[in-house]
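Participant: For the record, the sequence lines run as chains A and B.
Sequential numbering from 1 applies to the first sequence in this note's numbering.
Sequential numbering from 1 applies to the second sequence in this note's numbering.
None of these hints come from the bench; they were simulated from the model.
A couple of the hints might just be wrong.
To spell it out: a stretch of chain A is covered by chain B in this simulated footprint if at least three of its residues, at any positions, have a beta carbon under 8 Å from a beta carbon of chain B; those stretches are [stated by the list, open to error]: (1) 76-87; (2) 275-286.
Derived pair list, reagent style EDC-like, types lysine to aspartate or glutamate, alpha-carbon separation capped at 20 Å [what the hints assert, rightly or not]: (3) K186(B) with D176(B); (4) K303(A) with D245(A); (5) K225(A) with D245(A); (6) K104(B) with E164(B); (7) K102(B) with E29(A); (8) K225(A) with D215(A); (9) K104(B) with E29(A); (10) K186(B) with E170(B); (11) K27(A) with E100(B); (12) K6(B) with E206(A); (13) K267(B) with E164(B); (14) K6(B) with E210(A); (15) K225(A) with E206(A); (16) K186(B) with E168(B); (17) K225(A) with E210(A); (18) K186(B) with E221(B); (19) K102(B) with E210(A).
Just so it is clear, CB atoms sit at the ideal spot from N, CA and C, and this is done for glycine as well.
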Amino acid sequence: MSTVTAPATKDGVNEKKAVPPDSDRMKAENRLGQRLVAPALALMLLVTAFPMLRSLYLSLFDYSLTAPDEREFVGLQNYITALSDSALWLTTLNTVFIMVVTVAFELVIGFAFALVMHRVVFARGLIRTSILIPYGIITVVSGFAWQFAFSNTNGFVNSWLPFLDSTFNWFGQYGSAIAAIMVSEIWKTTPFMSLLLLAGLAQVSEDMVEAAKVDGATWLQRMTKVVLPNMRAAIMVAVLFRALDAYRVFDNIFVMTNGAVGTRSVSFLTYQQVVEQFQFGIGSALSVLLFLSVLLIAFLIVKLFKVDLASARQEK
Amino acid sequence: MRGTNKVGIGVGFILIMVWCLLPVAWIISLSFKSQEAITAGSPGFLPTSGGSAGFQNYVDVLNDEQFRRAIFNSIGICLIATALSVILATLAAYAIARLEFKGKRFVLTTALAIAMFPVVSLVSPLFDMWRTLGIYDTWIGLIIPYMSFTLPLAIWTLSAFFREIPWEMEQAAQVDGATSWQAFRKVIVPLAAPGVFTAAILTFFFAWNDFVFGISLTSTEAARPIPAALSFFVGADPFNRPASLLAAGAVVSTIPIILIVLVFQRKIVAGLTSGAVKG
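Construct all of the structure, not just a fragment, from the sequences and the given hints.
Facilitator: Written out as structure tokens, the structure is:
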């Protein structure tokens with residue numbers, strides 16, 4: 001229909017790559033593009049790259065806000081202290097545990113929700129409105145709601161679960177406390193996961209599913225041989241984003257247990273060092289380690305599952 | 001076969017509704033329990049007949065000076081951050097979707113990296129920097145980090161959207177005699193508006209939800225936003241948290257989100273799904 005007259009439409013861009021890049025038009029376009037992205041890029045780097053470099057610098061000092069004048073260069077001492085402290089390893093283990101369990105649950109439940117939303121023919125507006133409510137609710141509010149739900153004085157969970165004594169204290173020991181935290185996490189983020197998977201599901205061709213059905217494939221075969229392989233990219237991108245998000249878990253822990261009974265995450269530990277104890281030197285070292293561990297996890301997920309990042313960045 | 005399918009979807013539908021709405025119903029129910037009943041201990045989902053406070057908790061929460069101030073802070077900070085972030089993201093997304101320039105890959109990679117950035121690792125350097133610059137515990141001190149953390153989402157959503165706009169229409173309008181301003185205002189703006197709108201809603205959600213910056217970059221009610229205020233809200237007896245008052249505060253803080261969801265449900269779903277996964 002539309003004969004391409006505009007010089008810079010989507011198709012035009014690819015053709016232009018063949019043209020030598022030194023024409024005046026190209027130069028002008030190059031300049032305009034850079035000027036348009038400059039403010040956004042500058043702001044993003046101002047609040048991330050610059051402070052991160054400063055953290056790197058501060059992490060080499062023994063620096064506490066309670067005695068700012070006694071700042072002293074100590075080299076890698078802060079890293080040695082942090083890495084030889086079992087607290088860091090325990091919190092890392094706990095964080096990875098939370099990440100793996102919550103993402104696994106979110107993936108399975110989210111996929112089930114996506115299947116229902118994909119097939120449902122009635123009340124589509126109602127279901128979409130409902131699914132957006134957990135997504136939109138403040139994490140702190142979700143944490144409070146579940147903390148009070150699990151509370152043995154004012155909650156309802158104990159009375160709804162027949163095998164539990166009504167005085168059972170969910171926040172008294174690690175196992176049940178971490179379960180309560182995970183419930184809040186999973187509740188809030190599964191809808192987001194299901195929306196991402198719904199988008200992936202919409203891209204699977206109905207014809208292919210129909211064809212498999214005609215050929216006598218069972219429901220399970222259709223799912224595992226046709227639907228899932230075809231939405232691989234969507235699943236992987238959703239897992240990558242959610243896993244990194246889960247690794248940063250902080251709000252729910254702060255609200256529900258305040259780090260008691262071994263529920264601290266790496267983020268929580270870093271926060272405690274900086275804000276509660278004003279240990280900027282070691283806090284900065286922990287910040288750097290936290291940043292590196294996120295990079296490592298992103299790298300591992302991308303490599304292990306061969307995530308197609310080009311599709312996440314929408315480069316065609 | 002068809003029959004069981006329908007039953008399955010019906011059951012799934014009910015499960016989704018329970019999943020999404022049960023905790024919301026719970027926090028609303030809790031907000032009607034009286035504070036005396038909470039102190040004495042009142043297990044169970046619904047308030048007991050003698051333990052209901054009516055709207056008293058809401059009255060108390062809204063009469064609380066600190067809570068009112070936190071709502072004001074949150075609304076102000078989030079609206080300003082959203083407006084500025086969407087303006088910058090629109091410029092950047094236009095360039096990414098329509099222009100060919102050096103460094104485009106770098107911008108996209110930076111945006112992706114920032115979307116994954118562990119927010120807590122910025123607390124110590126920002127705390128230090130903001131105090132030096134004198135913007136610790138101010139609105140600006142929160143607006144700046146909110147903007148930089150919502151820009152990636154806004155840029156993705158918008159550039160995905162701008163790619164789908166038939167830009168030839170602009171030339172077509174000019175051929176038909178429109179000035180370039182008219183072509184832009186009457187043709188391009190109406191086409192781009194829904195995308196800008198989606199980006200704005202998602203940005204607002206993010207800023208409204210933030211907790212880490214809210215607690216670490218503020219120290220007084222001058223700039224403290226709602227999530228931080230809720231977490232610091234202890235009431236008269238610090239050893240016995242006023243659960244029902246907190247629940248009322250939580251419900252009040254959720255009302256803006258529910259209103260946005262109810263009005264813009266379709267747009268939010270489109271924005272979420274187009275921004276993240278597109279083959």
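Participant: Between K6(B) and E206(A), is the straight-line Cα distance small enough, at 20 Å or below?
Facilitator: Holds. K6(B) to E206(A) sits at ~18 Å (cutoff 20 Å).
Participant: Has the given pair, K27(A) with E100(B), been kept, meaning a C-alpha gap of at most 20 Å?
Facilitator: Holds, at about 10 Å.
Participant: Would you check the hint for K267(B) and E164(B), treating anything up to 20 Å between C-alpha atoms as holding?
Facilitator: Roughly 15 Å separates the two Cα atoms, so the pair holds.
Participant: Under the criterion that the straight-line Cα-Cα distance not exceed 20 Å, is the pair K225(A), E210(A) satisfied?
Facilitator: Status holds; Cα separation ~13 Å.
Participant: The region 76-87 of chain A covered by chain B? Criterion: 3 or more residues, Cβ-Cβ distance below 8 Å.
Facilitator: With 0 residues closer than 8 Å to chain B, the region 76-87 of chain A misses the three-residue bar; violated.
Participant: Checking one constraint from the list: CA of K225(A) to CA of D245(A), max 20 Å. Satisfied?
Facilitator: At roughly 30 Å apart (the allowed maximum being 20 Å), D245(A) and K225(A) break the hint.
Participant: Compare the distance between the alpha carbons of K102(B) and E29(A) with 20 Å, and conclude whether the hinted pair is satisfied.
Facilitator: Measuring from Cα to Cα gives roughly 10 Å; hence the hint holds.
Participant: Between K102(B) and E210(A), does the CA-CA distance stay at or below 20 Å?
Facilitator: Answer violated: K102(B) to E210(A) is near 45 Å, above 20 Å.
Participant: Closer than 8 Å Cβ to Cβ for three or more residues is the test here. Does the region 275-286 of chain A pass it with chain B?
Facilitator: The restraint on the region 275-286 of chain A holds, since 5 of its residues have a Cβ under 8 Å from chain B and three suffice.
Participant: Next pair to validate is K225(A) with D215(A); report whether the Cα-Cα distance is within 20 Å.
Facilitator: Satisfied, since the Cα-Cα distance of roughly 13 Å is no more than 20 Å.
Participant: Holds or violated: are the alpha carbons of K104(B) and E29(A) at most 20 Å from each other?
Facilitator: holds, 12 Å
Participant: Sort out whether E210(A) lies within 20 Å of K6(B), counting only the CA atoms.
Facilitator: holds, 18 Å
Violation of the numbered hints given earlier is confined to hints 1, 5, 18 and 19; the remaining hints are satisfied by the structure.
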